[in-house]
Amino acid sequence: MNSASPIARAPTDWNAAPMQKRIRRRYARERRFRFFGLAAVTLSAAFLAFLLITMVANGWRGFTRTDVALMIDFPASGMLVERAQLATPGADLALAGAGLENTVKSAAATAFGAGGDEFVSENAWLRVREAIKADPTVLDRKITILVPASTEIDQAVRGDGNAETKAAAAKLQQAGALSRHFNMDFLHESDSTDPVAVGIWGALKGSLLTMLVTFLIAFPVGVLSAIYLEEYAPRNRWTDLIEVSINNLAAVPSIIFGLLGLAVFLGSWSLFGYQFGPLLPRSAAIVGGLTLALMIMPVIVIASRNAIKAVPPSIRDAALGIGASPIQVVFHHVLPLAMPGILTGTIIGMARALGETAPLLLIGMRAFIVTPPGGFTDPATVLPVQIFLWSDEVSRGFVEKTSAAIIVLLVFLLAMNGLAIYLRNKFETRW
Amino acid sequence: MTDIPSKMSARGVSVFYGDKQAVKDVSIDIDMDKVTAFIGPSGCGKSTFLRTLNRMNDTIASARVTGDIMLDGENIYSSAMDVVQLRARVGMVFQKPNPFPKSIFENVAYGPRIHGLAASKSELEAIVERSLKRAGLWEEVKDRLQDSGTALSGGQQQRLCIARAIAVDPEVILMDEPASALDPIATAKIEELIHELRGRYAIAIVTHNMQQAARVSQRTAFFHLGTLVEYGETDQIFTTPREERTKDYITGRYG
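Just so you know, the protein sequences line up as chains H and E, in that order. According to this note's numbering, the first sequence is numbered sequentially starting from 1. According to this note's numbering, the second sequence is numbered sequentially starting from 1.
Bound-form chain H, shown alone:
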């Protein structure tokens, strides 16, 4: 036997020290990798938990309001109102004209002593007005109405503010005049200068309208572009160029899309000597939606192309082989199979659009909007911009409102993602 032959090698000694050491090293590497992976997951979960706990702890107060039980003696106030007018649309004007605001202020001063009118919110009389409109007979007697406390009292109740207001708040509390309630107004009012009176509905509705425009533009255009590029377009230098451009667009900073939206939709144009002004109104949901649609379209195109590419070619062959036309192949077979992937990309894009602030600042959606937008062309703001604006406010009362707005934004985001995941699962189980 020739011992030098490559076939006649010594049998592997698995128990030899170097071999054992190598095996131990391999296991150690495995354990290290698992440890780091687990540590990374734990760390990110901890950050998320920290964020949520901070937001909820700060924000839950934003959803509540301190109310003051205010006793008003209408017969003694000397306020004169024409009863017949209370049932007409002119009721608001009649009550304002009769000096209801001053009546409420003086009632507060009577009830809580000098400076008592500082304890109730400036909007307190609006609450009283609603009570009168609901039941005009209150004008003939003495009643106690819950009105919102002023920001100072609201803050003092939880230990913020100067000694004077704290003392006043303590006095009110002892008298049993203070109570906390869930603040429905926060959910259906809009921005205000007074933190007690602000609401999120204006911004929420603005976000809804903006997202609707974004989705209606970006989803069909993005998906159809992806289908065309994947299924129909010839592979040549032009389509390569388009592909590179789309990939680059996906990485362009959002503020640049804001400038683009500003220039295209809100700029003045001069063509062939004709001047024509802004195509669309400033601060409107439609402009915001279009701008964000431009921003997320590349994301949707890329995700959709990948999803379409992942559909097995054998399915296309099968459909073509029994005489389906190319468009039937796409809409009957490829698109339904690619839909889960397309929806995932769309969720990512829409979530990004929902949280986007910078481009919307440039197209004027940072305006102070006191009434919720009635349509796509009305001035509007959106949740992230509202959060940005409130976080910039001086008044302490806005801190909790900012956190409350963040909670609303997160709930909106979760609802949107939930809907998308539901749709995705529906498409997956159908196939």
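Treat the hints as calculated values from the structure; they're not laboratory data. Since the model is a prediction, treat every value here as computed from it, not as a measurement. Hints may contain errors.
Here are some, though not all, of the chain H residues that point toward chain E, as calculated from beta-carbon distances under 7 Å [stated by the list, open to error]:
hint, residue
1, D317
2, I322
3, A324
Derived Cβ-Cβ restraints for the label pairs, each shown as a range [said to hold, decoys possible]:
hint, chain 1, residue 1, chain 2, residue 2, range
4, E, H195, H, V221, 49 to 57 Å
5, H, A358, E, S79, 52 to 60 Å
6, H, E393, E, T150, 55 to 63 Å
7, H, L419, E, T150, 25 to 33 Å
8, H, A16, E, R144, 53 to 61 Å
9, H, N425, E, N209, 41 to 49 Å
10, H, A358, E, G43, 52 to 60 Å
11, E, E196, H, S245, 52 to 60 Å
12, E, D147, H, S391, 51 to 59 Å
13, E, T150, H, Y27, 36 to 44 Å
14, E, R113, H, P234, 26 to 34 Å
15, E, D248, H, N425, 56 to 64 Å
16, E, A181, H, L413, 43 to 51 Å
The list that follows gives simulated cross-link-like pairs (lysine-lysine, DSS-like), each with its CA atoms no further than 30 Å apart [unchecked claim]:
hint, chain 1, residue 1, chain 2, residue 2
17, E, K96, H, K309
18, H, K426, E, K96
19, H, K309, E, K20
20, H, K309, E, K102
21, E, K102, H, K426
22, H, K426, E, K121
23, E, K189, E, K133
24, H, K105, H, K171
25, E, K121, E, K133
26, E, K142, H, K426
Glycine included, C-beta positions come from ideal geometry on N, C-alpha and C.
Go by the hints and put chain E onto chain H.
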């Protein structure tokens, strides 16, 4: 070879992928009552040639076909030929079973539905039942037509694909190695099925397996390096091949 004109006849067909010529000057007839088998080593162009018969090569951008392919005397590459209609008339079964990820019923019903072959729901159900029966699958699936087609076994899936092709009532069925991904029992069922379908449809089958060609076909074409080396009655090809290369291949000298 016969007095009746062939169902399909290819004359001087060449296929190019870019600059590379995959099929060189092939002339073959496919007749109604005969199964024609294409055999040859891998890469010899037999599948490529098969795919020219219902223009499936159109989906490959670089593919180019020259020569004439006639279906009932009509050139299928002429501009007057509607490719969607052609593929309904010349059906195809692929190497890997590729049912749609839909129910068994939907798989078979899809073709008749897109071509508008059934006027009513009951008519569509009748087409599905007839197709599944002809494909020899009816007895196995009649109680679970709403189950997913992908949940069937490999051999059942392939018979489902054959039923799907039959459902649009084609004149020619092209089979591209229909049994190469199946076990021997499933293969035997497919071969049996091919026997039964003969006469009703003109059938062309590509196969790696020479025994299979000998078993199922009446006529055999041997391809090598893109050329048609020998073409004739299956018995003659397997017993007394005229060409040296054919003899070498069927005796296992290369392949």
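Evaluated hints:
With its C-beta approaching chain E no nearer than about 6 Å, D317 of chain H sits inside the 7 Å limit, and its interface hint holds. Annotation: I322 of chain H was flagged as interfacial toward chain E, and the flag holds, the nearest CB pair being 4 Å apart, inside 7 Å. Taking 7 Å as the C-beta contact cut-off toward chain E, the hint placing A324 of chain H at the interface holds, the least distance being around 6 Å. At roughly 53 Å, the beta-carbon separation of H195 of chain E and V221 of chain H lies within the given 49 to 57 Å, and the hint holds.
In this structure the hint that A358 of chain H and S79 of chain E lie 52 to 60 Å apart at CB holds, the actual value being about 54 Å. Our hint of 55 to 63 Å for E393 of chain H and T150 of chain E holds, since their Cβ atoms are close to 59 Å apart. The supplied range of 25 to 33 Å is met by L419 of chain H and T150 of chain E, whose beta-carbon atoms lie about 28 Å from each other. For the hinted restraint 53 to 61 Å between A16 of chain H and R144 of chain E, the CB-CB distance of approximately 59 Å keeps it satisfied.
Checked against the given bound of 41 to 49 Å, the beta carbons of N425 of chain H and N209 of chain E, roughly 43 Å apart, stay inside it. The beta-carbon spacing between A358 of chain H and G43 of chain E, approximately 57 Å, falls within the hinted interval of 52 to 60 Å. As the Cβ distance of E196 of chain E to S245 of chain H is approximately 56 Å, the hint placing it in 52 to 60 Å holds. One distance hint, 51 to 59 Å for the beta-carbon pair D147 of chain E and S391 of chain H, holds here, with the actual separation near 57 Å.
The hint said 36 to 44 Å for the Cβ distance between T150 of chain E and Y27 of chain H, and at roughly 40 Å that hint holds. Take R113 of chain E and P234 of chain H: their Cβ atoms lie about 31 Å apart, and the range 26 to 34 Å holds. Our hint of 56 to 64 Å for D248 of chain E and N425 of chain H holds, since their Cβ atoms are close to 57 Å apart. Roughly 46 Å separates the CB atoms of A181 of chain E and L413 of chain H, a value that falls within the hinted 43 to 51 Å.
For the proposed pair K96 of chain E and K309 of chain H, the alpha carbon gap of about 19 Å is at most 30 Å, so the pair holds. Note on K426 of chain H and K96 of chain E: the hinted pairing holds, with a Cα-Cα distance of about 28 Å set against a maximum of 30 Å. The straight-line distance between the Cα atoms of K309 of chain H and K20 of chain E is roughly 26 Å, inside the 30 Å bound, and the hint therefore holds. Between K309 of chain H and K102 of chain E the alpha-carbon distance is near 20 Å, which keeps this suggested pair within the 30 Å criterion.
With a C-alpha separation of about 14 Å, the suggested pairing of K102 of chain E with K426 of chain H holds against the 30 Å cut-off. For the suggested pair K426 of chain H and K121 of chain E, the alpha carbons sit about 26 Å apart, so the restraint of at most 30 Å is met. Under the criterion of a C-alpha separation no larger than 30 Å, the hint pairing K189 of chain E with K133 of chain E is consistent with the structure, at around 13 Å. With a C-alpha separation of about 18 Å, the suggested pair K105 of chain H and K171 of chain H falls inside the 30 Å cut-off, and the hint holds.
Under the criterion of a C-alpha separation no larger than 30 Å, the hint pairing K121 of chain E with K133 of chain E is consistent with the structure, at around 18 Å. Under the criterion of a C-alpha separation no larger than 30 Å, the hint pairing K142 of chain E with K426 of chain H is consistent with the structure, at around 27 Å.
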